[in-house]
Amino acid sequence: MSIDLKDKVSIVGAGCTKFIENFEMSYGDLVAEAAFEAFEEAGVGPKDIEAAWLSTAFPDNTVYHGKAGHDLAEPISLYNIPITRVSNFCGSAGDAIQNAAWALMAGRYRVVLALGVEKLRDRSPQNSLVKMMVETLHPFYQKGFTAPGTFAVYANRMIEKAGLKREHLAKISAKNHRFGVHNPKAQYRQEISVEDILKSPMVVYPLTVMDCCPTTDGAAALVMVRTEDAKSFNKDYTLIKGIGFTCTSGWDLPYYDSRNDFLRFKSPKIAGQMAYEQARIKNPLKEIDVAEVHDCFTINEALTYEALGWCPSIEEIGKCIDDGVFDHGGKLPINTSGGLLSCGHPVGATGIRMAYNIIKQIKGKAGAAQVKNAQIGLTENMGGPASIVAIGIYGNP
Amino acid sequence: MGRFCGIDQSLIDEVLDKAKEKTQTETTQSEKENKINKKNEIKKKISEKEKTP
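Protein chains in written order, with the working numbering: chain A, 69 to 465; chain B, 13 to 65.
Take these hints with a grain of salt, some might be off.
[Claimed, not checked] Label pairs and their in silico Cβ distance ranges:
#1 B:44 x A:267: 20 to 28 Å
#2 B:48 x A:331: 53 to 61 Å
#3 A:398 x B:22: 30 to 38 Å
Just so you know, the hints here were simulated from the structure itself, not pulled from any lab data. We treat Cβ as the ideally placed atom computed from N, Cα and C, and that holds for glycine.
Use the sequences and the hints to build the structure in full.
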């Protein structure tokens, strides 16, 4: 029998650095800035933290620390407690949150920290994912395997089979860049027209430069406690209503599996069902007020609409976009932070940054991007070839 | 080009800079046109005033 998580774990402090190419701050500086912002809100210090989870997909480039928990311990003097390094590609931060939540539920700790950090802009192209694939993996199996190429396969199939148009993808990018203008912590704060997006250079057909997110430096942190203790830390706390986490395939399987039609994402569907069940959500489009989804590429956001039950079928995704269902003033505004397309994507920090932005929304502190009366928010943090997904559902007490 | 789960930011910078330049050029052009129109209106008003006895 599974434990009922709903409303039993809360976030009492959230912090996030500006996401940007940041040569002035080290990996440790980013950790400290995010952690201390979260500590301040929670009214705690490093000595109060009893366990921590460090989400980082690519360790500190300068030393070997990030491969373990050391890089969280050192910058904020977090010693003599268990620190676990979590690495699950771009879904690492969502995984760190769920590990922290379940550890609280188990009753082992009272105050825990989940922190995600990445310093990708210090890594030369010689240290990139592509280069790593070429050098460390199979001699020909992985050649030319890039992240945009991975998801362009889905985009082409959607154009061929489900009536999706390049214009629909461009509209997603335009929407997220429009939202990004209002986020002081976003890497890009500039609007761009659908026309300019369509004219931007092609990366992998049909994905143009503006259909892709950038790689970024940044960190984000959450201080979490059991809800019964939350008020003693911060009266304005945030409830975790549901968490879903799944890994639906291996790295290569989606591409060599004859059953995969490349028209749907399986992992957000499964993780979404887990989270909806915990949060008792029956009609997600109606019951969720605002969401942050993993728009590393525009096609990912489009397919998530169907996977999470916000759009009835893949054939209707284009219509939902045209109707502005997910835009400001629509039924379910998505990526009001600007998403990965505007915020950028420090891999291990992204999932916690999403929670940070959703907390702002449901507390009514999202400024010009505020969704009216937002009470329930969702985060969808994806990793690998669409195979790993962490879902979080958050709400006010 | 494909660095981690995204692309190199310099590629996006280039597109956004061009879009910004385009908007600025359009704004400057429309500002110029507005100034010319205003000048013409003033000239017109002056000449009308001069015509009235």
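Here's how the hints hold up against the structure:
1. B:44 x A:267: 20 to 28 Å: holds (25 Å)
2. B:48 x A:331: 53 to 61 Å: holds (55 Å)
3. A:398 x B:22: 30 to 38 Å: Between residue 398 (chain A) and residue 22 (chain B), where Cβ atoms are some 33 Å apart, the hint holds.
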